[in-house]
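**Q** Here are the chains, one letter per residue:
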Amino acid sequence: MKTDDLIAALAQDAEGARSRKRTRLALIAALGLGLIAAVCVVWGLGVMRGRDAMMPVMMKSGFSALLAAASLPLLARLSQPGRPIRSALIVIAGVLAVTAAAFVTAMMGEAPEARMRAMTGGGFPWCLVFIPILAIPAAAGLFWVVRGLAPTRLAAAGAAVGAAAGSLGAIAYSLYCPIDSPAFVTLWYTAGIGVSAALGALVGSRLLRW
Amino acid sequence: MAASDESQLQALFLKGLAGDAAAHRAFLSAAAAALRAYFRNRLRGAAEDAEDLVQETLIAVHTKRDTFDPRYPLSAWLYAIARYRLIDFVRRRKRRGVAVPIEDADAALFSAPAQDAAEARRDVAQLLERLPEKQRRAIQLIKIEQKSVREAAAITGWSESDLKVSAHRGLKRLAQLFREEERA
Chain A
1 MKTDDLIAAL AQDAEGARSR KRTRLALIAA LGLGLIAAVC VVWGLGVMRG
51 RDAMMPVMMK SGFSALLAAA SLPLLARLSQ PGRPIRSALI VIAGVLAVTA
101 AAFVTAMMGE APEARMRAMT GGGFPWCLVF IPILAIPAAA GLFWVVRGLA
151 PTRLAAAGAA VGAAAGSLGA IAYSLYCPID SPAFVTLWYT AGIGVSAALG
201 ALVGSRLLRW
Chain B
211 MAASDESQLQ ALFLKGLAGD AAAHRAFLSA AAAALRAYFR NRLRGAAEDA
261 EDLVQETLIA VHTKRDTFDP RYPLSAWLYA IARYRLIDFV RRRKRRGVAV
311 PIEDADAALF SAPAQDAAEA RRDVAQLLER LPEKQRRAIQ LIKIEQKSVR
361 EAAAITGWSE SDLKVSAHRG LKRLAQLFRE EERA
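As you go down the protein sequences, you meet chains A and B in turn. For the first sequence, position 161 (counting from the first letter as 1) is numbered 161 according to the numbering used here, and the numbering increases by one without interruption. For the second sequence, position 103 (counting from the first letter as 1) is numbered 313 according to the numbering used here, and the numbering increases by one without interruption.
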């Protein structure tokens, strides 16, 4: 086909660009449904914490929601060609700096002999495994929506999908997670979301091709 | 793209987004020229590959035009898509194992020493059988029977550019078949 013919054919189709509103809706749906699905898994397994743990659960899911919110500007920018990402990276760096400060403050607040336990929670930090697993539903939806947009840096966009989905997975995980020490949460939840982001970058360059 | 071109192009693009077909067409034509220069620069000599990429990118620009945000420069958006299509093209080619530029493939396939010519011809004939009809005819006429593109066009009734593309694609496919044979 000649390029001029192609241009003529495409120009015939001038109407019918997708609206940006629909894209935003699809993004919100992917996030919402992904979170609901992950919560349903925790609920279905019957491992939700009781009412008496309301306060720490709120703290942990609030922290995870903050990380989710921090990852969204980056995700939005990497989904569309030619957007500068600096300000989105600064947002993430800022939230990570606050997290690090919270971690240090929490550690200082513990007695020296209790610090190790506050940090490790006294065993293997299972959130490193469970947060990425609970991130899968949201990641599936987000990969689908983002691929329908036009990501041009696939590994980076995959990492952003992984971070956002991992944060939602962390919200769901916090409904079960028996460890409430702030030092533990700031360190290992962030690490679990980091693992999700790394996995997202790995599969992103395949799953996001368009 | 100069600054005035940029704002002009953006005006056309936005009118096109609003449903103005003539403006959309003018935008696509201007974009095609810019993209052609971009790809030819980066794929030195491979004009047909460059044109394939121009077309792929135009389709992407058209179908993904809702991802443009007028707060950012149009050229950044356009070239980000072009760059992505170029990277994707190089990756696809690598995966298929066709790294030979087309001129070299041409030489490798058809410049066998004279004494081997009959033998080589037979091999090529076998492989030719495995090509799609159109590509086979194009190669037969232009590369083997050494007809000019115009003569070949007169014989087949296809357009010259059509023949050139078919011959080009056919050669690529042949080069690939050759490699598979060698490995087997």
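Bear in mind the hints are in silico, worked out from the structure with no lab data behind them. Computed from a predicted structure; not experimentally measured. Note that the Cβ used here is the ideal one computed from N, Cα and C, for glycine as well. A hint or two may mislead.
[What the hints assert, rightly or not] Distance windows between CB atoms, simulated:
(1) R22/A with S358/B: 37 to 45 Å
(2) W126/A with D215/B: 52 to 60 Å
(3) G94/A with T273/B: 29 to 37 Å
(4) D215/B with G94/A: 35 to 43 Å
(5) A8/A with V300/B: 51 to 59 Å
**Q** So which of those numbered hints doesn't the model satisfy?
**A** 1, 5
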